[in-house]
Every structure is written in C-alpha cells, then in structure tokens.
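Order-wise, the sequence lines are chains A and B.
Count along the first sequence from 1, add 2, and you get the number used in the working numbering.
Count along the second sequence from 1, add 24, and you get the number used in the working numbering.
Derived from the structure by calculation, the hints contain no laboratory data.
Even for Gly, the Cβ is constructed at its ideal location relative to N, Cα and C.
Do not rely on the hints blindly, as some may be mistaken.
Restricting the straight-line Cα-Cα distance to at most 27 Å, the calculated cross-link-like pairs of lysine-lysine (DSS-like) are [as the list claims (entries may be wrong)]:
(1) A/K259 - B/K247
(2) B/K211 - A/K138
(3) A/K259 - B/K283
(4) B/K347 - A/K259
(5) B/K152 - A/K228
(6) A/K228 - B/K346
(7) A/K149 - B/K211
(8) B/K309 - A/K250
(9) B/K247 - B/K211
(10) B/K283 - B/K240
(11) A/K20 - B/K309
(12) A/K259 - B/K346
(13) B/K216 - B/K283
(14) B/K316 - A/K149
(15) A/K250 - B/K216
(16) A/K259 - B/K343
(17) A/K138 - B/K152
(18) A/K228 - B/K309
(19) B/K316 - A/K250
(20) B/K283 - A/K20
(21) A/K250 - B/K347
(22) A/K4 - A/K32
(23) B/K343 - B/K247
(24) A/K4 - B/K211
(25) A/K250 - B/K343
(26) A/K250 - B/K211
(27) A/K259 - B/K152
(28) A/K250 - B/K283
Which chain A residues face chain B? A few, computed with CB under 10 Å, are given here [claimed, not checked]:
(29) R162
(30) P205
(31) A209
(32) A249
(33) L256
Some chain B residues well away from chain A (every beta-carbon gap over 10 Å; in silico) [claimed, not checked]:
(34) M25
(35) S55
(36) R147
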Amino acid sequence: MKVAVLIKQTPDTAELPKVSPEEVRSGDVKATMVINPWDEYAAEEAIQLGDRFGASSVAISLGKEGETDALKHALAMGVNSALLVDVEAAREGDVWAVATALAAAVQHEGDVDVVLTGKMSVDGNSGAVYTGVACKLGWNLLVNVTKIVDIADGVVTAERSFEGGQETVTMPLPVVISVAKEINDPRYPSFMGIRKASRAKIPVLTAQELGLESIPRAVRWENLRKPEARHTEVQIIEGETVEEQAAKLVDALLAEKVI
Amino acid sequence: MSVLVWIEQIDGQAVHSSWEVLGKGRELADSLGSPLVALVVGHGVEAVAEEARGYGPDTVLLADDPALERFRLQPYAAALQEAIRRADASVILASATTNGRTLTGLVACQNQAGLAPDAVDLRIEEGKLVAVRSVYSGNILSDIYFDTDQQFASVRPRSFPAPEAGEAQGAIQPLPVPVDEGQVPEKILEVKPADTSEISLTDARIIVSGGRGVAKDPELGFKLVSELADVLGAAVGASRAAVDAGYIPYKHQVGQTGKTVKPDLYIAAGISGAIQHLAGMGQSKVIVAINKDPDAPIFERANYGIVGDLFQVLPALTKEFKKRLGKEEKE
Ligand SMILES: Cc1cc2nc3c(=O)[nH]c(=O)nc-3n(C[C@H](O)[C@H](O)[C@H](O)COP(=O)(O)OP(=O)(O)OC[C@H]3O[C@@H](n4cnc5c(N)ncnc54)[C@H](O)[C@@H]3O)c2cc1C
Ligand SMILES: Nc1ncnc2c1ncn2[C@@H]1O[C@H](COP(=O)(O)O)[C@@H](O)[C@H]1O
Chain A
3 MKVAVLIKQT PDTAELPKVS PEEVRSGDVK ATMVINPWDE YAAEEAIQLG DRFGASSVAI
63 SLGKEGETDA LKHALAMGVN SALLVDVEAA REGDVWAVAT ALAAAVQHEG DVDVVLTGKM
123 SVDGNSGAVY TGVACKLGWN LLVNVTKIVD IADGVVTAER SFEGGQETVT MPLPVVISVA
183 KEINDPRYPS FMGIRKASRA KIPVLTAQEL GLESIPRAVR WENLRKPEAR HTEVQIIEGE
243 TVEEQAAKLV DALLAEKVI
Chain B
25 MSVLVWIEQI DGQAVHSSWE VLGKGRELAD SLGSPLVALV VGHGVEAVAE EARGYGPDTV
85 LLADDPALER FRLQPYAAAL QEAIRRADAS VILASATTNG RTLTGLVACQ NQAGLAPDAV
145 DLRIEEGKLV AVRSVYSGNI LSDIYFDTDQ QFASVRPRSF PAPEAGEAQG AIQPLPVPVD
205 EGQVPEKILE VKPADTSEIS LTDARIIVSG GRGVAKDPEL GFKLVSELAD VLGAAVGASR
265 AAVDAGYIPY KHQVGQTGKT VKPDLYIAAG ISGAIQHLAG MGQSKVIVAI NKDPDAPIFE
325 RANYGIVGDL FQVLPALTKE FKKRLGKEEK E
C-alpha cells in the first residue's frame, strides 16, 4: 500500500498579520515559511498507516523551486520520501488549478491508494483543495476524518465528524482523506530525523513533465486588501468592588444591544 | 437562469445558517432579475421544505429518497446536479458547514466551474456573482470574480442576518433523483449524533470563552464560564492552551486551528489574546476581556475590559445578568 500526503508550505501563523496584499499578489510572501499546521496531522497519519499496514509514504507539495522546508519537516517526522511540484500555472489562487497539479503529481507517482491532506491551509483557507484532488483523480473522498479504523480488502473504515456529530463509514479505495485535528498528536521530528532530512535531495516535478504548461482557470482574485482596521479603544471598567464593575459592564453591554 | 440555495438538514432539522444564505439569495436573485430556488435533500423532510417556503424562494425542490436520508457526498452531489439542471441555476450557494463546503466544492469541480469557499460577502456585478473571501486567516480580503457561467460559493455562517420567516411562498416541487444504493460507494455503519442541547459556536450570537487563566482550578473555572454562558444563552469557547491542557474538549477551541466565530458578543476570560486566538474571534462585534494582567494583548482588541481575577469577576457577572435578565428566581 502506498500513501501520499499533501503538504503545503505556509507562513508561520504568528507572522500572518504582517503579510501584505502586494506580497500575496506577487506570490512573494516574505514571512518565515513552515509546514501548514493542519498538515502535520496528515503527515503523522501517513507515518502511522506505514506502521499499521506496512504502507510506504510520500509527501507531495506544490510550490516554487527551493520551497522544501515543509517537505523536510515531513521527512524529519518519518515520511519515507518527498516530491516538490513546481507548476507555475497553479500558483494564482485558483483551487482547481492547484488540485489539477496535485492530482497529476499523485498519478505520476503511481500506485497510490490513499491521499491524506490537512483540513485547511492557513493562507488559502479554502478547505477545498482535497475535494478538487478527489474530483480530478475521480476517487472517493472522506472529509474531516477523526480516526482511520481499518483498511482491509480495498475498503477503508473511518470515523468522520461534522456539525451533526460523528459517523463511522466505509469507503472503497482509492480514496482522498482530509484529516481533522482529533486524529492524532503529531510527533516532533527527532534529531536524527532532522539530520537525515536536511541532507535529503528532493526531486522536482515540473509542469512540462506533467503536461500542465497551462491550466484553464475559473476564478480571478481582485482587489486584495487588508480588512478595515478595528479602531477599538478599550474601555476598562473600574469600580470599588467586583459587583460594581459587573453592574457597570452589564449596563454597557445592554446599551450596546448585544444581549 | 436562477439562484439555487442548498438547505442543509441534519436529522430532519434545517441547519440554521442555511436560512441566512437563502435570505441573501433572495437579494441576489432580485438584482439578477431571476428566480430563487431552494433545494432540500433527505428522506421524510417535507417539514424542512415547508419551512423553507417562509424565507422567500420562488420554488422549493425536494429530493426525497431513502438513500438520501443522511448526507453522503456522491448521492447528494447527484441531487444537486439534478437541481442545477432543473432550475437552470447559474449561482449555486450553501452555508459553509463541513458538508456545505464539500458539496459545493465537488459539484463545482465536476462542472469545471468557479468556487468561492467560505465567502464572507456576496454581490452581483454585470450579471455575475462576486464573492468576498477572507484569506491568510482573516488578514487579507479578496474579491473573487468568476470566469465561468456557473458560480459556486459556500458562505461563512453569520455573514448575513437570519431573515425573518414570512408568509409561505413558492411551491414545493418533487425532484426525482435516481439513486441506486448499490452504486453508492459510501456506507454509514454508525452514527453518534451531536449533543443538540449545546449551542454551536459558529452559529452563536454570544460566546463566553475561557483560557489558561483558569489554571489554578480548571474545573471550577470552566464551570464559571458555563454558568455565565447559560444565563446568556451563549456557547462556550476556549483557547488552545485550555484545550491542550485538557480542561475542555477540542470542539470548543476558537482560533487559527479551531473554529472561526463571529458573534455579537465575545467574552474572553483568562485569555491572553495571542494572534492565533484573535484569528478566530477578531471579527466579533463586541469583545469583552477579563484578565488579571492589564498589559495582556487581548485588551488591544477588546471594547470593554475588566482587570481582575476571573474567579471573582465571572460569578459577579453571572449574578448581575441574572438580576437584569429576570432569571434570578431560578437560583
Ligand atoms: C500553529 C498554531 C496554531 C494555534 N492555534 C490556536 C487556536 O486555534 N486557538 C488559540 O486560542 N490558540 C492557538 N494557538 C496558541 C496561541 O499561540 C496561544 O498559545 C494560546 O492562545 C494561549 O492561550 P491562553 O490565552 O489561554 O493562555 P496564555 O497565553 O497563557 O494566557 C493566559 C492569560 O490568563 C490570564 N490569567 C491568569 N490567571 C488569571 C485569573 N485568575 N483571572 C484572569 N486572568 C488570568 C493571564 O494574565 C494571561 O493573559 C496556536 C499556536 C500555533 C503556533
Ligand atoms: N500547494 C499545496 N501543496 C500541497 N498540498 C496542498 C497545497 N495546497 C493545499 N494543499 C492540501 O490541501 C489541504 C487544504 O488546503 P486548502 O484547500 O488550501 O485549505 C491542505 O491542508 C493541504 O494538505
């Protein structure tokens, strides 16, 4: 069995507020780049499927040349191999273009039974790329999976969660699975793992090799901007006693008509 | 041409945020001069279709089949495809719940049409949908323009006001969707329904959240948070530090790697206001911070603050609200 895990390299969450619309527009974001936090859960699950079912794992990331830190993090955690996909036509924020390139990479890798992904990227925030990958591959899709119960006889049994609760379901392979945070506790890379990963040479798959020099696109992003700054001047509620403070705060909130 | 809105139902109950989308759909349909169509999919869910009539659609399509009883992606996608054909829909909307996002995503992809996931605003320009998306975790906004004839969007809950239910309009039309159970790849073995007495964070008008500030007695701390929430009819939230420490389950986490919420009132008790927490609640209308450290960053985002010990402030607030909201007799 072979598992592919989709890993995106995204800005450190602490630096997201500093990202400017110009950087997003040009695609040249200056922030420190790390593995998308949600994708650590997918990488961990890929490693655990390796342990449980003897599966081999490959981490795949769509990004620009040299953007391999997130992949190296996955390798350092214990994912078996990594692949960088550099497709310029998939860079402009169209989720279907991103999905097309990633699906092509999965196909190029060959023999993959399960694709694992994170729940969402902290920059794109679309929670749609995995749906697109399943659609482009023509595979089944399981979203927000909290537990992979078993994989046997070409069928995965999994628990997934949604607003209505939890369901245990079965789905035939091949399947794309987006994982939820409840699925595991991602390990920290070991010292040995980091050393090994830092020396790894990560192959790059190009648009030409995938036959994706151009990808039709469905949407355009326009008018990128910062949200209007919130001009809040905090009003600190003082008082002789907490009771007095509480009374004043309740007055203020009733006047705001938010209760 | 029409505007089509999927009304999600879970166990025969409409998902509340679907009405927000249907209400906005009315506005979009009017500016396009085209009909508004609601789609209800399930089994034995006429009541949901009937309820939908109160929110202004011209037609309600009802796809009813035993195989459609619970949400499964493939048959629901087939139902949505059938509804798009029947309604000749060009704008296709759903609430951005887990299922709403996935369903709009898959059908948009199948139809090679544009998708705006988790949109926070919608408008019509030159006969087409324009969606506003919040990306980079709330730090960048972008308008999404569509190059395709079909335009799909899922809409973040609480982006639009819930419409008032009015007089029932539009006819309910059955929408036959041939589903062959044998062809459905997914089988549901077991269902554990969510606790319906709990108010959902994403739909909540008021949220009371606790953080690591409860550390000296976490059990009591979250009891005090819940008591205030109960008086206010609020949902209970938490910071990641509180979740990681095991004080409260993950489903209550607000922030970057938790839920994004937008209540009218957010009360943060013992939460410092880290960037990753603000990413999830910074859009709240009024923010109240209770923190013993006057320099906590949360005060930079808050409208009101009390510098003090949450173990004293929360009970005092609960008591005061009980008094003012006439709930004291229940004590
Ligand atoms: C990738 C990533 C994702 C993250 N995602 C999230 C997320 O989704 N949500 C999230 O919340 N965080 C998230 N974080 C963590 C975030 O950076 C903070 O660590 C976390 O929000 C801190 O939680 P806290 O405010 O409860 O704890 P602290 O920062 O420890 O703050 C506790 C506060 O309580 C106050 N306090 C202490 N005792 C009392 C008392 N008795 N009465 C009143 N006040 C008191 C203190 O003054 C302090 O301000 C994420 C971090 C990373 C790196
Ligand atoms: N450029 C990318 N490279 C690899 N995986 C990606 C990429 N973009 C998105 N993904 C995967 O898709 C998931 C959802 O991302 P998104 O749809 O952008 O929120 C992420 O958690 C990743 O697993």
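Cross-check of the supplied hints:
Between the alpha carbons of A/K259 and B/K247 the distance comes to roughly 26 Å, so the proposed pair stays at or under 27 Å and holds. Between B/K211 and A/K138 the alpha-carbon distance is near 22 Å, which keeps this suggested pair within the 27 Å criterion. For the suggested pair A/K259 and B/K283, the alpha carbons sit about 25 Å apart, so the restraint of at most 27 Å is met. Restraint check for B/K347 and A/K259: satisfied, since their Cα atoms lie roughly 17 Å apart, inside the 27 Å limit.
Pair hint B/K152 plus A/K228 holds up; C-alpha atoms about 24 Å apart against a cutoff of 27 Å. Annotation: proposed proximity of A/K228 to B/K346 is violated, straight-line Cα distance about 40 Å (limit 27 Å). The hinted pair formed by A/K149 and B/K211 meets the criterion: a straight-line CA distance of about 16 Å does not exceed 27 Å. Between B/K309 and A/K250 the alpha-carbon distance is near 19 Å, which keeps this suggested pair within the 27 Å criterion.
Our distance criterion of 27 Å between C-alpha atoms is broken by B/K247 and B/K211, whose separation comes to about 39 Å. Restraint check: the Cα-Cα separation between B/K283 and B/K240 comes to about 26 Å, which is no more than 27 Å; the hinted pair holds. Our distance criterion of 27 Å between C-alpha atoms is met by A/K20 and B/K309, whose separation comes to about 23 Å. Our distance criterion of 27 Å between C-alpha atoms is met by A/K259 and B/K346, whose separation comes to about 16 Å.
Pair hint B/K216 plus B/K283 holds up; C-alpha atoms about 21 Å apart against a cutoff of 27 Å. With a CA separation close to 39 Å, the supplied pair B/K316 and A/K149 exceeds the 27 Å bound. Between A/K250 and B/K216 the alpha-carbon distance is near 43 Å, which puts this suggested pair outside the 27 Å criterion. Distance hint between A/K259 and B/K343 is fulfilled; the C-alpha atoms sit about 19 Å from each other, no more than 27 Å.
Between A/K138 and B/K152, the direct Cα distance comes to roughly 26 Å. Compliance with the 27 Å bound is thereby established for this hinted pair. With a CA separation close to 18 Å, the supplied pair A/K228 and B/K309 stays within the 27 Å bound. Distance hint between B/K316 and A/K250 is fulfilled; the C-alpha atoms sit about 18 Å from each other, no more than 27 Å. For the given pair, B/K283 sits about 22 Å from A/K20 by alpha-carbon distance, which is consistent with the 27 Å threshold.
The hinted pair formed by A/K250 and B/K347 meets the criterion: a straight-line CA distance of about 13 Å does not exceed 27 Å. Between A/K4 and A/K32 the alpha-carbon distance is near 35 Å, which puts this suggested pair outside the 27 Å criterion. As the CA atoms of B/K343 and B/K247 are separated by approximately 14 Å, the hinted pair is consistent with the 27 Å bound. For the hint pairing A/K4 with B/K211, the CA-to-CA distance comes to about 23 Å; that is within 27 Å, so the pair holds.
For a cut-off of 27 Å, the pair hint linking A/K250 to B/K343 stands: about 13 Å separates their Cα positions. Pair hint A/K250 plus B/K211 does not hold up; C-alpha atoms about 55 Å apart against a cutoff of 27 Å. Between the alpha carbons of A/K259 and B/K152 the distance comes to roughly 36 Å, so the proposed pair goes past 27 Å and is violated. Annotation: proposed proximity of A/K250 to B/K283 is violated, straight-line Cα distance about 30 Å (limit 27 Å).
A hinted interface residue such as A/R162 counts as satisfied when its beta carbon comes closer than 10 Å to some beta carbon of chain B; here the least separation is about 9 Å, so the hint holds. Contact between A/P205 and chain B, as hinted, is not supported at the beta carbon level, the nearest pair being about 28 Å apart and thus beyond 10 Å. Contact between A/A209 and chain B, as hinted, is not supported at the beta carbon level, the nearest pair being about 19 Å apart and thus beyond 10 Å. A distance limit of 10 Å between C-beta atoms decides the matter here; for A/A249 the minimum to chain B is near 5 Å, and the interface restraint holds.
Annotation: interface hint on A/L256 holds; nearest CB of chain B at approximately 7 Å, less than 10 Å. No beta-carbon of chain A comes within 10 Å of the beta-carbon of B/M25; the shortest separation is about 18 Å. Residue placement check: B/S55 keeps its beta carbon more than 10 Å from all beta carbons of chain A (closest about 19 Å). Its beta-carbon lying about 12 Å from the closest one in chain A, B/R147 satisfies the requirement of being farther than 10 Å from that chain.
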